[in-house]
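A.B. asks: By this note's numbering, the letter at position 37 of the sequence shown is numbered 382, and the numbering carries on one by one without gaps.
Treat the hints as calculated values from the structure; they're not laboratory data.
Misleading hints may appear alongside valid ones.
To be verified - Below are the SDA-like pairs computed for lysine to any residue, each with C-alpha atoms no more than 20 Å apart in a straight line:
hint: 1; residue 1: Lys693; residue 2: Lys721
hint: 2; residue 1: Lys651; residue 2: Phe622
hint: 3; residue 1: Lys400; residue 2: Leu455
hint: 4; residue 1: Lys400; residue 2: Lys527
hint: 5; residue 1: Lys806; residue 2: Leu551
hint: 6; residue 1: Lys588; residue 2: Phe622
hint: 7; residue 1: Lys555; residue 2: Phe622
hint: 8; residue 1: Lys577; residue 2: Lys527
As the list claims (entries may be wrong) - Computed beta-carbon distance windows for the label pairs:
hint: 9; residue 1: Leu656; residue 2: Lys797; range: 17 to 25 Å
hint: 10; residue 1: Leu694; residue 2: Lys456; range: 19 to 27 Å
hint: 11; residue 1: Phe582; residue 2: Asn620; range: 19 to 27 Å
hint: 12; residue 1: Asp787; residue 2: Ser825; range: 49 to 57 Å
hint: 13; residue 1: Glu556; residue 2: Gly426; range: 38 to 46 Å
Every residue gets a Cβ at the ideal spot worked out from N, C-alpha and C, and that includes glycine.
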Amino acid sequence: MTLVPAVVGKNIKNVVVNSIFSVISGLLLALSFNFSNLSLFSWFALVLFLYVIEKSNFKKGLLFSLLFGFSYFLFIFFWVGNVSIIGLFALLFYLCIYSVLFFIFSFYFLKRPLFILTIPSIWVILEFLRENIWCGFGWPNLGYTQYKNLYINQVADIFGVKFISFLIVMNNAVIYDFIFRKRSLKKLFIFFLIIIFCIIYSLYKLNYLKEDSYVKVSIVQPNFSKSLKEEKLGKNFILYTLKDMIFKTDSDSLVILPEVSWPNIIDEQEIFNLNSFVNDIKRDILIGAIRKEKDNFYNSCFYFNKNGGLLGIYDKIKLVPFGEYVPLRNFLTFIEVLNSIGDIERGKLNKKFIYKDKIFSIIICFEDIFSNFVSKLSKDIDFLVNITDDSWFGGNPEARQHLAILVFRAIENRISIVRCANSGISGVVMFTGRYNILKNKDKEVYFRDIFKTYIPIKREKTFYSRFKDIFCLFSFILISINMITQIKYRLN
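When you get a sec, could you build the whole thing from the sequences and use the hints?
C.D. replies: Right, here's the structure in full:
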């Protein structure tokens, strides 16, 4: 009879320990996202969760995976709650599906041969799916934690940010194998050789890549609040402030204003006010605005030359789910978008523009999280422009996370990217991943200023820009081979 309480007590203890390990693992990963000086945590944060996967039965493991996913994603995306608490928990529910899927597949493969390759392959495939299916949301890819690690992340121009994710998870698997299974040092040595290759390759690229020319730009960071744009007097203040700031820019530079910086909707009447504004300032300029065509609204960027001529309009293609449109609108008729306008229409065309003798493309807001999309846009151009308004989310760590994403888009395609954000972080990310951002003393966000700088130009076709996420295909093949091998082994 005394065995029953002992067994129950042991089970409760295991549940408590595994729950704590799952939460700690998720929190360590989140910290590596939110604080660049803690990015080292990602290289061992998964070790405890791998222990939980191996020591749990399937049903309890599912619950532990939810705990892991919830703690991981909540502390990365808590800033979404500044816009919508319901939206935050809806996002967490969706993202936790992937932590559960990671557990399900890892539960099978963790005890199989070559798990140090199959476990990171599972993680990478899930990142690919999260970025490309349904609405697409590649924001929390693990590799982004290494945006400051220039001596590792240069290999992203071969296999992209997901290869960095692969390396991080592989390191976790190797450490787990060494600590909890007391295996030999051979796997650690192999991983060490891979890291040495990454360092040598990165050093070569950082020393070899040099700019061919420069483009002069003036980034206008106006720091307007959302409420200001909704008041009549506020709109007049915005127009006055924008004009005053633009007159302080260099007349021989490309002036860039952030996403939806124009306070009024551009329709058949408002276009005359915009033209008058542009004629007064006499600058080559990009202006973010909402435009109306017939009954449709678009999140757009207008490009004018200093003579007031409209050279082109880019309409945002990758829209924010529930922020700019409602997915499955025919079924979710009871849900309204978070903006005050209504559903935004998707743009149809990727467009290229010319400034002086340089070709550039535009991405708006979170379009930069779609690596394949940005890679297609980057073909045969000299630089990219990203206009955004991240002021909704309360500044850091969201602004820093968004910067990290841009760093990898620059490295993957070896293209410089200039970002103009309403409240920050604004600046230039060079094709090497180094960046030069606008600061006010120690502040990176929520201040008004102009950043006069240069974009270094370098045209270089990368393996990634040609073949995109082909590494994910390699990962899928690796898992398939391992699975087929295990099935054959069991049949024999």
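A.B. asks: Any hints this thing doesn't respect? Which numbers, in order?
C.D. replies: Failing hints, ascending: 7, 8, 10.
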